[in-house]
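Undergrad: Guided by the hints, dock chains G and C onto chain W, whose structure is given.
The listed protein sequences derive, respectively, from chains W, G and C.
Taking the working numbering as reference, the numbering of the first sequence is continuous, increasing by one, and the terminal residue is 95.
Taking the working numbering as reference, the numbering of the second sequence is continuous, increasing by one, and the terminal residue is 1488.
Taking the working numbering as reference, the numbering of the third sequence is continuous, increasing by one, and the terminal residue is 2374.
Keep in mind that the hints were calculated from the coordinates and are not lab data.
In this text the structure is predicted, and so the values were computed from the model without any measurement.
Watch out, some of these pointers could steer you wrong.
[To be verified] Straight-line distance between alpha carbons at most 30 Å, and here's what the computed DSS-like set of lysine-lysine pairs gives:
(1) W:Lys4 with G:Lys1212
(2) W:Lys4 with G:Lys1222
(3) W:Lys4 with G:Lys1225
(4) C:Lys2135 with W:Lys70
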Amino acid sequence: MFRKLHESDAPVAIEIDGKTVSAEVGESVAAVLLREADAWARLTPVTQSRRAPYCMMGVCFDCLAEVDGKPSVQTCLVPVCDGMRVTRQCGKRRI
Amino acid sequence: MRQAEDLIITQVDLLIVGAGPAGMAAAVEARKHGLDVLLVDEQPSPGGQIWRSVEAGEGRDDILGSAYFEGRDVSKAFRACGAGYLPNAQVWQVDRGFRVLLTSQGQPQILEAKTVLLASGAQERPVPFPGWTLPGVLTVGAAQILLKNAGQIPVEPVWIAGSGPLPLLYAVQLLRAGGRIAGYLDTAPAGNWRAGVVYLPGALRSARDLIKGLGWSAVLRKQVKMVRHVTSIEATGADHIESLRYKVRGGPDVVVPAQLLLVHEGVVPNIHPALSLGCAVSWNSAQHCFAPQVDGWGETSVENLFIAGDGAGIAGAKAAQLRGTLAAIRISTKVGRLDHSAANGLAGEVRTRLRKELAIRPFLDALFPPRAQIFQPADATIVCRCEEVTAGEIRSAAAVGCPGPNQIKAATRAGMGPCQGRQCGYTVTRILADVQGRAPAEVGFFNIRPPLKPVTLGELAALAGRSTGDNQGLFEDTIGSADPHVVE
Amino acid sequence: MQADVIVIGAGTVGAAIGYGLASRGQRVIVLDGGDRDIRAANANFGLVWLHGKGMDMPAYYFLTRKSVDDWQAFDEELTDATSVDLQYEHRGGLVLCLGEDDFAQRRDNLLRLHNQLEDATDPDWEMLDRDALRKLLPRVSLGEEVSGASLGKRDGHANPLRLLASLHAGIVQKGGSLHRGCSVRAVQGHSGGGFSVDFGSGRASAARIVIAAGMGSKAIARQVGLDVPIRPQRGQILVTEKVMPILPLPTLDVRQTREGSVMIGATHEEVGLDCSTTAEAAAALSANAVRQFPALAEVSVVRQWAGLRILTPDGFPVYAESESHPGAFVALCHSGVTLAAFHAGLLAESIAAGRLPASLNVFHHRRFDVPQAA
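Next up, chain W with everything else stripped away, as it sits in the complex:
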């Protein structure tokens, strides 16, 4: 859906559902999710519908994903860091 204007000088690598992708220090995890060809963050717990980031500012809760083992994280508010593991959240939380 989205693409970067410039490649980062010092990119970091994060994992999305096991796939390694390049990211730039300072950008949010949601921004990286939106660069995927198949850009989505979660399946809703009610109908298992796909959702992607919508507001990018923490007021819609559609960008929730599991980040480094912590579920239901608002990925638009979390900056990437090297080695971060992001897992899309499908339906209801598992514990």
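TA: What follows is chains G and C alone, placed relative to chain W:
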């Protein structure tokens, strides 16, 4: 286990929530008068939304425009002023007196403050229409944040649908960045220029902004397919938006392929923190939203609680800085660091500049009112994104006599999800008003309670007295004296 | 407006009575208050519960047991009428014990209660040790202090908001009328019999009235010679984000809804008519939940709310007819969900017939006037 002492930061004179223009200006001003200030914000760096990621934005000046980069100087001044700054912190409760509970880096914290300034800004108005929950539908603000925060733009030509200064600005920024716009669907209702021209004389006091805005429109009209008087839109697709249907007033439906759709129907104050504290709010009919009642300094109906910036009423970044400054001046008198006549002296010039900034507002409000479709969505439209409750279900509950939004919530689950009505509250109020023939002002809004943002049970439990081990929790066991196994 | 019965209050109690009356062909008008009026019905936990109840008042145990036994039929009939799924499950209910002393005390209390009943049937509960409890809850690990639990075999839970919505729809479906945003101001008895009720925007009259207005009942009931001693007791509840199914049975403090969210309750606070929520309660409730089920620590709380239980001096219901104003009834309790079947059943039937049965005499509030034996 954490000790209770770790959980409390000693009392401050002023706690500011929000590191946008209002919050930063207030911090700088309060520090001038020697107050002990702490500013907390949920993002990793200062700027709020309008100056999102401004500290890192070098190299994007030519795209984003100079107004954005004014934020850089403000951020520098804020960093240097000596206020405490806690980024990545989500406030989930504010109690009168004041006690602020938040989570920072996964740890709960409790802060105490003599005065509190809420500078949590605004959010885009919820824009429900069929298909708005599909991946590939975002707000214009979201796209602009992606440009600011990640330097990224849409791959495919993007459709923009909405009205207001923000989508015009973004469209111009996108073109500068080499992006492509498939079409700009202007949803401002016909007759808006006639409505707005009444306010034009006042708006001319902000001539510079007016000219800038007209300039954007001119640029766009040359380069972009602009469709005016669009009354409704609909997004369709399986897992992702694939096509867009729109209707022009008096015209047929048009269907176009679409991979990305950006929507915007104005901005509304974030009233959740104010409502949770019991601040009086009133309906602003020019802006079609509730706003907290504040006096000339920004003080709310709750003593020593102030609101500045777009959270008090939509007025833009410059007005936000000025209001933040005014609030800080008044707060400084409240904590005894400034006497009243000095305060009034300082405030005079700020108020003059503020009046000038506010002068354009009535014109903009009249020019860009939200379109009717978002207040009367079709029955199948999802209104509550979190719980996936449709407009039809809400209408049914309203039709059988639910007396207000809280009973609608109880009957339909709308508003019970993590966003706590931020994306559906206004729509529920409007549907109820429409079905029952009442004014939105009288219908009211959801009852907002903490937590303002989700907080884990573990984080909450860490605050309690009843933990295993030798942790001295903060709160005594206050569940009550009854035997916990007693009848229910 | 004219009716056979006016029910004042459309919370869980009033709505069940109204539905029961309408189902029996009574012309019934049910009046309910405004959007922000105090409503225990919106704050309910949702248990349909028997075991552990009725200490020192066996009649309450038996009343509750009858209601619990009738709940399934009540659920089926109401669902038939309104198509609202109440999500009622009754595979048992647990009360977890923390530590060996707690376990022993729980068992002793239940035995004492059982002996008071002088009921020849087997107890409707059993004690489970930790191992047995683990087998019942395979998808969630138990806190290390959890020593076991009591299991009430008849216990269960339902969705309290759906119950309320369904009762409201049921009243209308059975030919009654429901008027919301109509807080009752005054009631008046007529010398020849009958009552008129003033609800601000209008009036209604009926041969009989039932006051089931929760905390608002006292002021209204006094006008027809019913002096009911009630006090509010705040209960705060937390609810989490939706989670995969982990709790197949409800416990007294923690239950998982059909949607997946976990509800955690509840406090018992004497704070007057204060419905605000507190961080202290959130912390204490969370700590309690995490002690029982440590895995919940990672789960987010999405909402917190408070309700005011309607408590009589002994905590048991009041069902009474006024002596000075025959035909005026009052119904007050804090277990409106559990007793819904009774309210829609025998109680509604009695009110329709114009008289409470002798079996309910023990619930008259005159019991509070009796001086305690020395």
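Undergrad: Each hint: holds or not?
TA: Results for each hint:
1. W:Lys4 with G:Lys1212: Given pair Lys4 (chain W), Lys1212 (chain G) holds - Cα atoms ~27 Å apart, limit 30 Å.
2. W:Lys4 with G:Lys1222: holds, 26 Å
3. W:Lys4 with G:Lys1225: holds, 25 Å
4. C:Lys2135 with W:Lys70: This hinted pair holds, its Cα atoms lying about 28 Å apart.
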